[in-house]
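Student: Chains as they are written, first to last, in this note's numbering: chain S, 34 to 537; chain V, 34 to 537.
All the pointers check out, no bait thrown in.
In silico EDC-like pairs for lysine to aspartate or glutamate, Cα to Cα no more than 16 Å straight-line:
1. V:Lys508 x S:Glu254
2. V:Lys445 x V:Glu333
3. V:Lys427 x S:Asp175
4. V:Lys427 x S:Asp173
5. V:Lys445 x V:Glu434
6. S:Lys508 x V:Glu254
7. S:Lys311 x V:Asp175
8. S:Lys170 x S:Glu125
9. S:Lys374 x V:Glu366
10. S:Lys445 x S:Glu466
11. S:Lys292 x V:Asp315
12. S:Lys427 x V:Asp175
13. V:Lys311 x S:Asp175
14. S:Lys427 x V:Asp173
15. V:Lys445 x V:Asp413
FYI, nobody ran anything at the bench for these hints, they're computed from the structure.
2 protein chains.
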Amino acid sequence: MMIGRLTQRASCALRIEARRCKSTAPLTSTQLPNLKRGDYSSLTDADVQHFERLLGAGGVLRDETDIAPYNTDWMSWYRGRSRCVLLPRTVEEVSAVMKHCFDRRLAVVPQSGNTGLVGASVPVFDEIVVSMRRLNKRFDFDPIPGILQCDAGLVLEELDTRLGEFGYMMPLDLGAKGSCLIGGNVATGAGGVRLLRYGSLHAHVLALEVVLPDKDGTVLECGPALRKDNTGFHESHLFIGSEGQLGLITQVAMTAVPKPNSVQVAMLGCDSFLDCCKVLGDAKRLLGEILSSFEMMDSETMRCLKENHGRHNVLSTPAAFNLLIETSGSSQEHDQAKLNKFLESCLEKGLAVDGVLATSVEQANTFWALRENATLALMDDGYVFKHDISLPLKHYYRLTEAVRERVGSLAKRVITYGHVGDGNTHLNVTASEFSQELYDRLYPFVYEWTTQHGGSISAEHGVGLLKKRYMPLGKSPAHLAQYGRLKRFYDPRLILNPYKMLTM
Amino acid sequence: MMIGRLTQRASCALRIEARRCKSTAPLTSTQLPNLKRGDYSSLTDADVQHFERLLGAGGVLRDETDIAPYNTDWMSWYRGRSRCVLLPRTVEEVSAVMKHCFDRRLAVVPQSGNTGLVGASVPVFDEIVVSMRRLNKRFDFDPIPGILQCDAGLVLEELDTRLGEFGYMMPLDLGAKGSCLIGGNVATGAGGVRLLRYGSLHAHVLALEVVLPDKDGTVLECGPALRKDNTGFHESHLFIGSEGQLGLITQVAMTAVPKPNSVQVAMLGCDSFLDCCKVLGDAKRLLGEILSSFEMMDSETMRCLKENHGRHNVLSTPAAFNLLIETSGSSQEHDQAKLNKFLESCLEKGLAVDGVLATSVEQANTFWALRENATLALMDDGYVFKHDISLPLKHYYRLTEAVRERVGSLAKRVITYGHVGDGNTHLNVTASEFSQELYDRLYPFVYEWTTQHGGSISAEHGVGLLKKRYMPLGKSPAHLAQYGRLKRFYDPRLILNPYKMLTM
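For reference, chain S alone in the conformation it holds in the complex (with noise of 0.2 Å):
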């Protein structure tokens, strides 16, 4: 086992790959079985000049090669048909757009940076699109409480260097942070690395500024951005993760936190994923408050990293199971001591084969790219059909089993890697080319053996169009019909990104 120093370490953020590759879910929206264009009114060149008059002519894309990559996602599976973009600069121009939106009964589709992994930012027709880049002017930072207001078009990675400057950080970390928005990261309901120290968007926001699809554009502004504000429903909360359906975030109040002074890095190998929990267990009791990444590889994805990429475990014992664990303190000292107490504790107790600290920064992130690499090096099989899925921790590997031996050899790999110390796994099931009789083994099995589990078919991404039709599943009648209810009340005509999510 080294053990070793690590003064500073490079952003550990997974990072999303950049070059298009074939996966999963590669329907383009007109090939979506079901899906037909509602009964919106179609644009007119009398909407296009009152477009122009709301926002100058630099504010309203028409031509073809402009609006291409608004009309497509990041992942290249859906492609809208959109003949027009609108890129308001303040919340008067998203609201008087909503207004005339809401007036002639026009299609809109809200879209941060675009990022998303389920379809839920592109047009499925010829929604308009209203991008929020431009909405990028307003940062206040208040570094005594360590409170941020900030415009939604803000880039997350922006925010997190300009915090840096006064010792904070953002607590979301993601591998889109170059290019996603605050914005969307709240109505997506953002995940990331960092959740299992810093919890989940809701234990930062303070209060929102949303603009409603209704007959005035309502401008729901966003209060006074204080830690502790209890009067009136906290309504901001269900704009977190409503992926678009209620209304369109302009401003953001949230809380930042404190950067750490030390991150470490190690490594640990397991033979069951039983072991697994228990080192979790032995980490939340050890490591306390500066545990801040918990990380499972399988050895599947171990060998396809080696077969694939050429990259190889960090650990000597090969092990059935590879945790990453990062810690993130104010102390060096302190964080390496409990580290190092907790890496004896879990070899001693034979719950660990193998366990390495990094000794450098260099080091951590060779870790890490293991961790960051996996997604790549399983595209390099062919085709992936991919999943984000959460689970209760006594289930989390059993699904892999499951999956494995339902499958049997019609797949190439069954890989699992994730969070698990969020519960989150991320299974991969490879093949060379698309497989019908793959596809039909896997799905709905998948997500009903999920639900059936007492998990969800989507832990961070979102629903959008990727999982519209499982998103009944494990759902009572009552939740679903209230969704629906809910996304009436905010747009009664029904104009906020329609074809997605809701299966009303």
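Fit chain V to the supplied structure of chain S, relying on the hints for placement.
Tutor: Same frame as chain S, now just chain V:
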């Protein structure tokens, strides 16, 4: 400066005083201005018989003596005239009750532990009380992910004790914990003394089971208790802090937090509030992840404690502001080292004029006793106007100064203590007896000043009856209208907890 060891500390929750006291808002419901009984049906014998069939004889209280405690709030500020208390034991019973009350247009007050401080949990006229205290069977805790799922009628302290057996605790702690019920905590959006460290209930609630006041007594089921589930609207969060206006919470799924192994307490004296803010900045930097309380008592608070209770400050140097700082962590050795370094830094920089670290549990309790008894000591002055206000830190103590100037010699004392770390100030104005002149100087001045300076008139207690008239301050017309719309959406016959919170 004393530096020492502290092995264990008893709960430091701020105790709500058990004795009935004279303080602000002593209006009984019948004296509340402009309040008329709504157009609700009156309870008939047939209703009572129906409820007895649903709940059994023990589930319906009709005797005046039995009902009296349900008609009066904990502070004896309000007294309702309900003639019927219902005690359902299951969600099905709650649903059947609400269905009948909807059909008959009978007004209902949901009541949990009845420990609220704004009159939200007692009837105003003859509303039926639906008490949740017998809905207290389910307790499921999974220690690996640290997830609790339980009935809404369980007492907070009981939950804390039962979690303690697993090495966990509830993330919230408040003075009323021996009587308050978890469902009531959620409905109130309770804060408490651990908020600085663990965040609000939004950071912990994963899912709720809720009964709606509609024609079916619709039950929104709890859904899976997962750390991550991003399918569907996050509607549970709308019921946090909804003050029993939108539905009845019958089950709660939430995260618990690991119990700290080490708790350290220190007191620091500062000459200015600006120095207090600088100390808070240093505490965040040097104590980081272990900082769990940052409380302030001004010199007037200390004088009052001495004069009325004979309690002496633990600091030998008198200071304008006294800071009670607590850390909670997983290693006593590390936590003490961090706290020592922090105290030395504050003294060296001249931010603190004196500082002392508790060396034993008894000493820590003495430190906390000052903070806990502040509320009681000032009551001996005679009459107290109390407040629960949230302000940006730059205005935090300016309110105290503005009030002091405004009331002059009309007040005996103007005292401030509070959770500085959360921006939450408990401003208190005392006099020998109630004075209308003093009242008129204070209101609406205090609340208008607060909202004009970006604050909230209720940081953690809620609105209820007590602050209803000031609810519109600082809110946009769009927000106020939206509250009314949300109310009607969930409660179309407005039968749930009428007369309170909302000004529609």
